[in-house]
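Protein sequence lines, in the order shown, are assigned to chains A, B, C and D. Just so you know, we're using the working numbering here: the first sequence kicks off at 11 and counts up by one. Just so you know, we're using the working numbering here: the second sequence kicks off at 11 and counts up by one. Just so you know, we're using the working numbering here: the third sequence kicks off at 6 and counts up by one. Just so you know, we're using the working numbering here: the fourth sequence kicks off at 6 and counts up by one.
Derived by calculation from the structure, the hints in this document are not laboratory data. Just so we're clear, the structure is a prediction, and the values are computed from it rather than from any experiment. Take the hints with a grain of salt, since some may be wrong.
[As the list claims (entries may be wrong)] Lysine to aspartate or glutamate pairs mimicking DMTMM-like chemistry, simulated, CA-CA at most 20 Å apart: (1) B/K133 x C/E17; (2) A/K95 x A/E141; (3) A/K133 x D/E17; (4) D/K55 x A/D149; (5) D/K64 x A/E75; (6) C/K55 x B/E150; (7) C/K64 x B/E59; (8) A/K133 x A/D48; (9) C/K55 x B/E148; (10) C/K55 x B/D149.
[Said to hold, decoys possible] Computed footprint of chain A on chain B, listed as stretches where at least three residues anywhere in the stretch have a Cβ under 8 Å from a Cβ of chain A: (11) 36-44; (12) 96-109; (13) 113-126.
Beta carbons: idealized from backbone N, C-alpha and C, even for Gly.
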Amino acid sequence: MRLSVQEQPFDAGAELNAFTAGVSGAGAVVSFTGIVRDLSGTLRAMEIEHYPGMTQSAISAIMDEAMTRWSLSDALVIHRYGALKPGAQIMMVATASAHRLAAFEAAEFLMDYLKSRAPFWKKEIGLDGAEWVAAKDEDEAALTRW
Amino acid sequence: MRLSVQEQPFDAGAELNAFTAGVSGAGAVVSFTGIVRDLSGTLRAMEIEHYPGMTQSAISAIMDEAMTRWSLSDALVIHRYGALKPGAQIMMVATASAHRLAAFEAAEFLMDYLKSRAPFWKKEIGLDGAEWVAAKDEDEAALTRW
Amino acid sequence: MVDVLYFAWVRERIGLPRETLATNAATVTDLIAELSAREERYALAFSDLKSLRVALDQKLSSFDAPLSGVREVAFFPPMTGG
Amino acid sequence: MVDVLYFAWVRERIGLPRETLATNAATVTDLIAELSAREERYALAFSDLKSLRVALDQKLSSFDAPLSGVREVAFFPPMTGG
Numbered sequence: 011m012r013l014s015v016q017e018q019p020f021d022a023g024a025e026l027n028a029f030t031a032g033v034s035g036a037g038a039v040v041s042f043t044g045i046v047r048d049l050s051g052t053l054r055a056m057e058i059e060h061y062p063g064m065t066q067s068a069i070s071a072i073m074d075e076a077m078t079r080w081s082l083s084d085a086l087v088i089h090r091y092g093a094l095k096p097g098a099q100i101m102m103v104a105t106a107s108a109h110r111l112a113a114f115e116a117a118e119f120l121m122d123y124l125k126s127r128a129p130f131w132k133k134e135i136g137l138d139g140a141e142w143v144a145a146k147d148e149d150e151a152a153l154t155r156w
Numbered sequence: 011m012r013l014s015v016q017e018q019p020f021d022a023g024a025e026l027n028a029f030t031a032g033v034s035g036a037g038a039v040v041s042f043t044g045i046v047r048d049l050s051g052t053l054r055a056m057e058i059e060h061y062p063g064m065t066q067s068a069i070s071a072i073m074d075e076a077m078t079r080w081s082l083s084d085a086l087v088i089h090r091y092g093a094l095k096p097g098a099q100i101m102m103v104a105t106a107s108a109h110r111l112a113a114f115e116a117a118e119f120l121m122d123y124l125k126s127r128a129p130f131w132k133k134e135i136g137l138d139g140a141e142w143v144a145a146k147d148e149d150e151a152a153l154t155r156w
Numbered sequence: 006m007v008d009v010l011y012f013a014w015v016r017e018r019i020g021l022p023r024e025t026l027a028t029n030a031a032t033v034t035d036l037i038a039e040l041s042a043r044e045e046r047y048a049l050a051f052s053d054l055k056s057l058r059v060a061l062d063q064k065l066s067s068f069d070a071p072l073s074g075v076r077e078v079a080f081f082p083p084m085t086g087g
Numbered sequence: 006m007v008d009v010l011y012f013a014w015v016r017e018r019i020g021l022p023r024e025t026l027a028t029n030a031a032t033v034t035d036l037i038a039e040l041s042a043r044e045e046r047y048a049l050a051f052s053d054l055k056s057l058r059v060a061l062d063q064k065l066s067s068f069d070a071p072l073s074g075v076r077e078v079a080f081f082p083p084m085t086g087g
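Just chain A, with the same shape it has in the complex (with noise of 0.2 Å):
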């Protein structure tokens, strides 16, 4: 199990065949990476402010719960913070399992933890100004699934 909160840019196939190559045993690797988007064309970056002595250990217990439920060969999650350029990698997951369902399911699981429970928030830096990113209610929603 491996969680890096980091400033600098990942390589997130580097990253997929290190983490493939560390499992044995499993079926099954998936893989969710979060990229920036510039929906209005207008985006300059995307500031991604975060609470440092919150983030590894919510994440950390994330993680513990998907091994445990999913009963996971191996979990990656890899989060940046920082300003981040339209088409930047912000975020990547990647889960192993014996078969496909559960590390689809755990890395959908882990993803919707991060997005409403991992102590980061979005600001968008735009040609006309800076907005914090809403949390979505879709967001919240999809926690009651788990």
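Knowing the structure of chain A, use the given hints to seat chains B, C and D on it.
Frame of chain A, contents of chains B, C and D only:
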């Protein structure tokens, strides 16, 4: 949209990076990698037979349906055939979408259809003999979800 | 004339991957009856239709589908891809 | 003494990321009342509790939770990670 049915190995990380670099406007990329498992510790190879004429058209049709149904930005399927060693990567799927739920669902849909509707057959070559892998009822049942 | 293809254990039981046949079979079921009557190895391969699938011109089909105009028939067990 | 941390727009409205306070507040709600009475910028930041979350010693908590023994209180809007 890219589909490759091939005998030679592929580099899942490099494929994921190339796929992600090729999509614009997507906020979410999901990948799945399937790996040869050796449950009993006696597997020498997994031999994958396919129906060359039908494989391309069957998988293309499944990918077209996924692209439309989830408004994907892009989709990728790589599937190997021939003799694979334990730990070898059999296949991968990647999906890109504006939102994470669509990317996850489309990847699961593609996997469920590849399992039961793409013309591949697996044979386990063990130390004590060879056996065709039987289709699982649960894989057929998984299709009812879509 | 129709090309008949066999995959996986169907191929192994029948002992060949493909053959070209002259047949007047109207449906897949008729073709199976014709082949099964021919030799024991066919009868064995076709003994349990529930464990068989058929594709006509590379599209999954049903056993009661007509063969008229079909150029390629393939028999195989349920797929195990992914 | 308790460390109080502010994040995202809560930090911006209050105008500082953290401060150390002497307080006798029994609960988070009491602490919010105390701060809001102090200055307008606090009252503004805490005006809509539904849009606020609180963590006590780095664990998500509720507004009626007791502060006894707590060393770090953090206020922030709903998280938007992932």
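Each hint, compared with the structure:
{"no.": "1", "hint": "B/K133 x C/E17", "in the structure": "holds, 12 Å"}
{"no.": "2", "hint": "A/K95 x A/E141", "in the structure": "holds, 15 Å"}
{"no.": "3", "hint": "A/K133 x D/E17", "in the structure": "holds, 12 Å"}
{"no.": "4", "hint": "D/K55 x A/D149", "in the structure": "holds, 16 Å"}
{"no.": "5", "hint": "D/K64 x A/E75", "in the structure": "holds, 16 Å"}
{"no.": "6", "hint": "C/K55 x B/E150", "in the structure": "holds, 13 Å"}
{"no.": "7", "hint": "C/K64 x B/E59", "in the structure": "holds, 17 Å"}
{"no.": "8", "hint": "A/K133 x A/D48", "in the structure": "holds, 13 Å"}
{"no.": "9", "hint": "C/K55 x B/E148", "in the structure": "holds, 16 Å"}
{"no.": "10", "hint": "C/K55 x B/D149", "in the structure": "holds, 16 Å"}
{"no.": "11", "hint": "36-44", "in the structure": "holds (count 9)"}
{"no.": "12", "hint": "96-109", "in the structure": "holds (count 3)"}
{"no.": "13", "hint": "113-126", "in the structure": "holds (count 5)"}
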